[in-house]
Structures are given as C-alpha cells and as structure tokens.
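Sequences are here, hints too, so could you generate the full structure?
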Amino acid sequence: MKNKSGMVIIHQMEKLRVIPAFKSAIILCTGILFGAEFNLPLLYTIPFFFLILCFGVYFNLYRRADFTIQILTFVVIFIIGFYRVNFTLNYLPENSIANIPDTRDRASYELIGTITELPFYDSTRIRFVLASETLVTSYDSIPVTGDVLVNIRKNIYSPEKVQPVLKPGDRISMLGKLSEGFGERNPGEFDYRRYLRLHDVYKVFYVFGYGKLKIISHENLDYFRQHILYPAKEFALNNIDRHLEGDKSAYLKGLVTGERSDISDEMKEAFINTGVMHLIAVSGLNVAYIIITITLILTLFRVPEKYRIYFMIPALIFYCFFTGAPASIVRATIMGILFLIAVNIQRKSNFYNIVGASALIILIYEPKQLFDPGFILSFCAVISMVFFYERFENIFKNQLDKLQQSGKQYLRVIVVMFLTTLAAQVGTLPITALYFGKISIISLLANLVVVPFANFALAIGFFQILTGIVSDYLSSIIAATNNILLTAQLEFIHWCASFDFAYVDFFGFNIFNTIIYFVCILLLFTSTRQKLPFRFTLIILLALSVLLVESDFKHETTITVIDVGHGNCTLIQTANGQNILVDAGTRTKTYNSSERTIIPLLKRNGIEKLDLLLISNEKNSQGGASYLIRNFKIDRIIQSVGITEDYTIDEAVSEVNITRDFVRAGDLINLGNNTSIYILSPLFDEGVVVLSFIFKTGDFSMIFAEGITDKDGKILALKYGQLLSSGILKISSHGSAESSSAEFLLETMPQISVIQSGKFNRKDLPSVEVISKLNAINSFIKRTDIEGALIFTTDGETIKPVSWR
1 MKNKSGMVII HQMEKLRVIP AFKSAIILCT GILFGAEFNL PLLYTIPFFF
51 LILCFGVYFN LYRRADFTIQ ILTFVVIFII GFYRVNFTLN YLPENSIANI
101 PDTRDRASYE LIGTITELPF YDSTRIRFVL ASETLVTSYD SIPVTGDVLV
151 NIRKNIYSPE KVQPVLKPGD RISMLGKLSE GFGERNPGEF DYRRYLRLHD
201 VYKVFYVFGY GKLKIISHEN LDYFRQHILY PAKEFALNNI DRHLEGDKSA
251 YLKGLVTGER SDISDEMKEA FINTGVMHLI AVSGLNVAYI IITITLILTL
301 FRVPEKYRIY FMIPALIFYC FFTGAPASIV RATIMGILFL IAVNIQRKSN
351 FYNIVGASAL IILIYEPKQL FDPGFILSFC AVISMVFFYE RFENIFKNQL
401 DKLQQSGKQY LRVIVVMFLT TLAAQVGTLP ITALYFGKIS IISLLANLVV
451 VPFANFALAI GFFQILTGIV SDYLSSIIAA TNNILLTAQL EFIHWCASFD
501 FAYVDFFGFN IFNTIIYFVC ILLLFTSTRQ KLPFRFTLII LLALSVLLVE
551 SDFKHETTIT VIDVGHGNCT LIQTANGQNI LVDAGTRTKT YNSSERTIIP
601 LLKRNGIEKL DLLLISNEKN SQGGASYLIR NFKIDRIIQS VGITEDYTID
651 EAVSEVNITR DFVRAGDLIN LGNNTSIYIL SPLFDEGVVV LSFIFKTGDF
701 SMIFAEGITD KDGKILALKY GQLLSSGILK ISSHGSAESS SAEFLLETMP
751 QISVIQSGKF NRKDLPSVEV ISKLNAINSF IKRTDIEGAL IFTTDGETIK
801 PVSWR
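Take the sequence shown: its letters are residues 1 to 805, numbered as in the working numbering.
There could be a bad hint or two in this list.
[Said to hold, decoys possible] Computed cross-link-like contacts, EDC-like style, restricted to lysine to aspartate or glutamate with a CA-CA straight-line distance of at most 20 Å:
1. Lys603 x Asp650
2. Lys268 x Asp147
3. Lys633 x Asp500
4. Lys633 x Asp505
5. Lys177 x Glu743
6. Lys214 x Asp265
7. Lys368 x Asp191
8. Lys167 x Asp222
[Said to hold, decoys possible] The following label-pair restraints were derived from C-beta to C-beta distances:
9. Asp122 x Asp635: 34 to 44 Å
10. Ser772 x Ser158: 32 to 42 Å
11. Gln399 x Leu524: 19 to 29 Å
12. Asn95 x Phe50: 36 to 46 Å
13. Arg225 x His555: 54 to 64 Å
No lab work stands behind these hints: they were computed from the structure.
Please read these numbers as outputs of a predicted model, since none were measured by experiment.
A virtual CB, placed ideally from N, CA and C, is assigned to each residue, including glycine.
Spelled out as structure tokens, the structure:
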C-alpha cells in the first residue's frame, strides 16, 4: 500500500517537473497580486537581489545547481510580475486624461478625439470608445491622451429625431461632462469604474443631446483597422442582422463575433439562470473552426502541411482582433498558435505548458488582465475541464469501457459530455456565483443539450457569413436553416430558466472562502484512497473555520443609506435581527431601483424578508415600491394617512395581500430591545401631509424627514422642540433649497447629515443653500452622489461610519 501511495506522489511530482511554463505562470500571478497591493520603488529590490545572489551562490556550491537556477528563475519571474503591474497601475503619462478632474457642477468641457471602435446604438443613446486628443475647458485647451467611454444621450426636450451616423476613425468634437465611471455604488455591486480601468478606459464623457456633437473628419485610424478589420466586422454584423431578427440575431452575433451589446436583459438573465452564459464568450471552439476551415481550403489547393501554419496563424490573429480580443479568445488564440507550432516542428505538446505559456504572454503584456472576470473564468474553465475530467475518467473508467465495448458509443459520448460539463462547473462554480450571485441547478442538463446545437449554429454562422461574400441569396438560405436551430436553442434555454428550481440565489462566496473552496477541491481530487479519511477531516475543519471567520458576533444596529441614484432608500438592520426598509427608490422607463439595486443588495446581505417597509409620500421614494412588494417577501407596510403618489402600490398590495397600516403623528411602533419608531407627521391640522419619523435605539436616534419643506420644518421644530435632537438627519428632497429650514436644523443639530441625490441630476442638487446651513451648524455631511452607499453602525450610544470599500 505504501509503495502504491509513494508511486502516486512520484507521478504527481513528475507531472510538475515537466510543466515549467505552468509553474512560471503561477509565480508570475503571485508577483502580480503582490504588486497590485504594494507599491515599492525599484531601488528596494537591490538588497533583496543581493540576498538572493548569496543564497544562489551557497546552493550552487553546496547543493544542487539546477535547483539554484530554478529558484533564481522563479524569483526573477516574481519580480517581473510585481513591477510590471506596479508600473501599469501607478504610472500614467502626465497628460493622461485620467489626471483631469471631473467636471464641476454647472460646467461643461469640450472633448476632441477619434472613435476607435464600432459605435453602439439604441433608441435613446450612442456609446463608443474615443481616443482623446484635446480637452477644452472654460480656461484652457489641454492636450490629452487615453481612451474615454462616450455616452451620448438623446435630449428628450429637443426636437432632434435622427441620430448622427458615426464610424470608427471619425474625428469628432463634443460638449459634455467628464467623470470617472460609476464605481461600486453599493456593497457587492459591479464596479464599473474598475472594469473600465482594467481595459485602460479611465474616464466617461456624458453628452446630453445629439446637437452637441460635431464630426471634424473621417478615416483617421491606421490602414488595418480602418480598411480591413472594421469593414469586415460591419459586413458580418450586417449580414446577421439582414437575415435574422431579435434575440436570434443577437445570439449569433455573440457566438460568431463576440458582439454582445444587442443581447436583451431578459435573454442574458435566462442564459445566466441556466448556466450557459459561456456560449456567447468566443473561445476555443471558434479557434478550432478557424483552423478546420483554413485546413479544408488549403487542402483543396494542395498546400503542403508544413506551410499551412503560415496561413493559419495570421487568420487566428485576425479573428482575435475581429472579436475585440476578449480574454477568452486571446487565450484560445495563443493556445491554438502554440499547438500549431508544436505540431509543425513535431514536438509533443503538454496541455498545462500551453496554458501556462498563454497566461505568461497575456500577463506580461497586460498584467491587469489577471483581475478581469473574463480572464479568470476562461482559464479556470479550460484548466478545470482537463484536470477534473481526468479524475472523473479514472473514477468511471470501467463504465466508459463497458459502453465502448457494448457498441453504445452514443451513450459514451453523452456521458463524456456530461463529465466534461461537470468538470468545468466544479472549477468555475465559486467564480460564477461571485460575479452573477446565482448557482444554476439546471446547468448540467442545459449544457448537455444546448452546447452541441450551439456548436452547429456557430459552424453554420461562419458558413453564412463567408457565403455572403459571394452570394447574399445563398447566405439567406443558410441563415434560414440556422434560424430553426437558433430558435430551438433559445426556446429550450427559456424553458429551462422557467423552472423555479433552475437556479438558487447565492451571495456567500468571497475571495477568502473561494480560496478555501479550491483548496478543499484539490485536497479531495488529488487524494489517494488511504489518505481520504484524513483529507475529509481537514476539509471539514477548513469549512468550520470559514463559518467561524464569517460569523457576526456583534449585536449592533446597522443603517445602510442605499445609493439608488436620484431617489430615497435606507435599510435598517436592528440588533435583534429585524430588517426595516425606508422607501423604495425611483423608477424610470429603463431603471427600477428595486429590481436593479435594492433586492440584489438585500439578497447579498442574506435578507430573505423585510419585517417592515415604510413608504414616504414622495415620487422618488415610491417608484420601486410596487416591484418590491410583488417580488420580495414583506410582513408589514407603513404609510401615512393621505394621498399616495404611486397608485401601482395599491394594486401590488391587493395582489399579494400584505398587512398595510396607515399612521399619523404621535403613533409609536415598538420594535423591542429598546428600539422604536415615533411618527412625527403627517400633521393635517398644521398642513404637514408627508410622512416623517424618528428611528430610535437606545440613546441613538435618526430622523427621516423626506418631503419636509422649509415651512413644514418650522412647524415640526415648533411642535417637537428638543425631541428632534438626533445623531443622524436624513435631509429632505435631495437637499433642495426649499427644504431644511434653519429652525428645524437648530432643533435637530445632527452630528451627521445624510443627503441622497443622483450624480449629474438635472437640478444640481444638493443646493448651495442647504450645504451652507449644514456647515453653519458643524454637521458632518455625507452624500451618496459622492460616496455611494453610506453605512453606519450604532450600539445605541455611539455612531460609527463604516468604510465598506
């Protein structure tokens, strides 16, 4: 038994010995991770190098020389990763647009630059990336460099109807506002600013109205992009749009070109819920089809095998740029090229070495890719498929052999596909859950059916576009065939997503427990039978340690002022475990606070139901309420006696049959544990019709005065006096000049004043007058338009702002 165990260990060590590129990639990744956290001058490495040199000399003299060389090589790779990412993250040109401050309120900049990609159009906006050249302010004209994401929105108050036709290479001038992209506005949300920076886009330029854009000149890109790459991509996209419609067109664009901007939110949601989102990430299969297509063409022309590589490699590189060079296709392209070279020089290729080499090439060129979700998912998926499938194949070897021998080859193919999908799922589960907040239960079944059909649709899609070069009629016939295949796939995906058990919401993964997950999986799958009991015990101990580390033993009240744009919403989590939501944000034609922000945040916090929902009278407080009521469990709703601005709330309440109470001034809601809500208004006799109240726990109090006008504030100050003294005051009406009377503020005297308003809101709130009043009483001002969500904790006595980023 010992000999067998020893042989397994020797076999594993031998495997590691023959994959230097893979090991080097791991060392480089480690260096990049450390370099991203610690910014050290290059001078600091001199003493470190001296120590390493001494270490190397010692081992070279008294130990194995090959071991010394290996250690020194790994140290050099680590340092390359460390300083490569240091330089990339921390050193930008002096004239980089990243160094330009955001546009001040009530000001505008003129930006001049060249469009570098195909613009995206929808009914109300145009979006594209611009290579910036000149920024004109009210004081100066500044030469700048760097990419900017431009958002041009239609001015709904203007008669403009026709969108300007923009092309890659157009040099344009625009008038608008420069800003950093929206960061993580609420805990756990997608960090758009970080995403843009990973792709070297450091600013966003907002233009309101098509009339504020002027085209200066055309065709300003290099020859390859201007006359080959973008015309080819436009031809492919137009061909698909001409012969297919709606989601089928968007799906095929994703499969063939990597273009996902046309995919509807509903379709994207169905793909995520069924675990097939990877289908619209161009990757290895696309590369395989390029190689197969080129091989068939060259075979027809009888080109010798050794010369085919000179046609295949340029074709793969072109296709990589054609799809926009996302991480998945860059990885697949490099792996494909390395494999072709190995075959051409008649060298045996090692999968892990090819993966490692592709990671090294990508990360040395652009180390920030290590933090890109696409890069992480792509490499995790391809490594998992091979690593875990080998284990599954060993476990089920006898069963697979029996299927082979009994002639049931089709069953063997199905089992192999199932095991391959399972292998990929094992390696990507925590990452997909981390980014999507869901674990798809039905994904194994969905992938088993959809993947083969997607492969056929991809092949036909390639054929459709290529034949379109010769005959549009022939292309349309091929597209009609593909239309049936695409329709069947989408119908099946939507059918799978319709089941209640299709997925579960899961927000439990973070970086710490993701690492523990992979450690546990590796311990399990690399174990011998003899070591299995010990490793099971170790896995259980690691799981318990995660539970211990992530348990919250503090009994404090947490108040989260949620950033819902230009709306109102606050979550209160009391020390005794009650969850209270004050207001439900806003609603527009394209955005609902409850759907996009509030419910996801509640789920990320492990909240499955609300004990209490209080809804103010204002439109910006009620907008998301009806959606929230229909789609989230709520025990009780509190509203003021009076007129409801949003009548869809009444409809939603009657549909789900929730207890709703109407309150007036003087009512008290006892929440237990020395915590209560005291209603300040409505006071109909005095003319105050809006809902305002004090939330109190221990000696701490917070006043919610949404909709209270200057006049209302004076009435409340006169009626309640020192009872209004508070730790936190939620400023009314986003800080408008008509709110927050001096009398009201002098009675409340808040330590902290919270203002909820949207960035670049049309009324430029909060007003200068309100800010001046708050500064006059030395209240510490916290604003969601600047900081995003605001979190405070209190033990009933002290208030502590929480830094959650």
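We went through each hint and held it up to the structure:
The straight-line distance between the Cα atoms of lysine 603 and aspartate 650 is roughly 25 Å, outside the 20 Å bound, and the hint therefore fails. For the hint pairing lysine 268 with aspartate 147, the CA-to-CA distance comes to about 27 Å; that exceeds 20 Å, so the pair is violated. As the CA atoms of lysine 633 and aspartate 500 are separated by approximately 16 Å, the hinted pair is consistent with the 20 Å bound. Simply put, lysine 633 and aspartate 505 have alpha-carbon atoms about 15 Å apart, close enough for the 20 Å limit, and the pair holds.
For the given pair, lysine 177 sits about 37 Å from glutamate 743 by alpha-carbon distance, which is inconsistent with the 20 Å threshold. Restraint check for lysine 214 and aspartate 265: not satisfied, since their Cα atoms lie roughly 32 Å apart, outside the 20 Å limit. Restraint check for lysine 368 and aspartate 191: the C-alpha separation of about 15 Å stays at or below 20 Å, so the hint holds. Restraint check: the Cα-Cα separation between lysine 167 and aspartate 222 comes to about 14 Å, which is no more than 20 Å; the hinted pair holds.
For aspartate 122 and aspartate 635, the Cβ-Cβ distance of about 40 Å falls inside the hinted range of 34 to 44 Å, so the restraint holds. Between serine 772 and serine 158 the C-beta distance comes to about 34 Å, which sits within the given range of 32 to 42 Å. Checked against the hint of 19 to 29 Å, the C-beta distance between glutamine 399 and leucine 524 comes to roughly 20 Å, which is consistent with it. At about 38 Å, the beta-carbon gap between asparagine 95 and phenylalanine 50 stays in the expected band of 36 to 46 Å.
Look at arginine 225 against histidine 555: about 60 Å separates their beta carbons, and that is inside 54 to 64 Å.
Comparing the model with each earlier hint shows violations of hints 1, 2, 5 and 6; every other hint is respected.
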